[in-house]
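Enquirer: Listed below are the residues making up each chain.
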Amino acid sequence: MLLTLLNIRDMYGYQLSQELAKRSDNMFILREGSMYPTLYRLVEKGYISDRREKVGKRRTRVYYHLEPSGLKYLNYIKSEYLSINEGVLKILNYSGGISDNVRKSFAI
Amino acid sequence: MLGNHLQYDLDTYFHKINKLMVCKGSRKKKLIEELKASIEDFLDDHPEASIHDIVGRFGTPEDIAIDYISSVEGSEFGNDLNSARFIKRAALFVGLAIVIIFCVLCIFCYLKNAESADGFTDFGVAEGIKLLKNGG
Numbered sequence: 080m081l082l083t084l085l086n087i088r089d090m091y092g093y094q095l096s097q098e099l100a101k102r103s104d105n106m107f108i109l110r111e112g113s114m115y116p117t118l119y120r121l122v123e124k125g126y127i128s129d130r131r132e133k134v135g136k137r138r139t140r141v142y143y144h145l146e147p148s149g150l151k152y153l154n155y156i157k158s159e160y161l162s163i164n165e166g167v168l169k170i171l172n173y174s175g176g177i178s179d180n181v182r183k184s185f186a187i
Numbered sequence: 765m766l767g768n769h770l771q772y773d774l775d776t777y778f779h780k781i782n783k784l785m786v787c788k789g790s791r792k793k794k795l796i797e798e799l800k801a802s803i804e805d806f807l808d809d810h811p812e813a814s815i816h817d818i819v820g821r822f823g824t825p826e827d828i829a830i831d832y833i834s835s836v837e838g839s840e841f842g843n844d845l846n847s848a849r850f851i852k853r854a855a856l857f858v859g860l861a862i863v864i865i866f867c868v869l870c871i872f873c874y875l876k877n878a879e880s881a882d883g884f885t886d887f888g889v890a891e892g893i894k895l896l897k898n899g900g
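Which chain is which? The protein sequence lines are A and B, in order.
Quick note on numbering: this note's numbering labels position 86 of the first sequence as 165, and the sequence is numbered without any gaps.
Quick note on numbering: this note's numbering labels position 47 of the second sequence as 811, and the sequence is numbered without any gaps.
Since the hints were made in silico from the structure, they are not lab data.
Predicted, not measured: the structure shown is a model, and the values here were computed from it.
Short derived list, chain B residues pointing at chain A, Cβ under 8 Å: (1) R791; (2) L795; (3) E798; (4) L799; (5) S802; (6) E804; (7) D805; (8) F806; (9) F822; (10) D827; (11) I828; (12) D831; (13) Y832; (14) S834; (15) S835.
Far from chain A, by Cβ distances over 10 Å, these chain B residues were calculated: (16) K780; (17) K783; (18) H816; (19) I864; (20) K897.
The beta-carbon is built from N, C-alpha and C at its ideal position, and this holds for glycine as well.
Make a model of the complete structure from these sequences and hints.
Expert: Written out as structure tokens, the structure reads:
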């Protein structure tokens with residue numbers, strides 16, 4: 080989810096958590112205590128990079144940027160997620176546990 | 765510009781986070797720095813926010829520490845914990861070594877002074893006896 084947001088544009092920490100909440104209609108709330116370690120791990124793996132920008136007189140913001148290897152990884156995990164999702168929906172469909180509306184929206 | 769009361773509350777908040785976080789110093793410093801920037805951004809959007817609003821949005825210091833621990837990989841957390849333990853043990857060892865060295869030095873100085881004092885006393889007594897013998 081963080082990589083998806085960074086694919087749109089470079090963002091800083093607070094902006095990332097706000098965008099995540101806004102785009103998911105507050106379904107996903109990622110607090111800074113969880114978000115920053117994840118971002119640092121992504122930086123260590125080279126999927127994203129960070130840069131410091133001075134804002135005003137005293138504040139420094141850290142902006143995160145998606146690297147090409149990060150985009151590659153994002154595309155990979157997206158396809159993995161969609162495959163798993165399709166499989167789950169097929170099982171639900173098989174056992175009759177899926178509504179017509181959901182079936183139509185996922186084209187099963 | 766933050767009010768004095770809010771600034772004091774925020775200082776207390778960050779002090780608690782600093783105490784509770786189990787991670788390397790550089791990582792802790794970076795995280796707290798970014799958290800401060802995020803809170804400043806939040807206050808830009810909500811200028812009348814109180815410390816309760818900030819805690820409601822970002823979590824208590826305990827929440828932040830727990831969120832951090834649950835987000836790091838097991839091996840990474842293990843390394844951070846071992847580093848923290850190592851630093852504490854090393855500091856204890858160094859402190860103990862300093863105390864022992866200080867005690868040894870004190871004992872050494874005392875014994876050296878005691879030796880010198882005994883010599884002086886002996887000299888003083890000998891001179892006294894000599895004077896008495898000579899009738900004066």
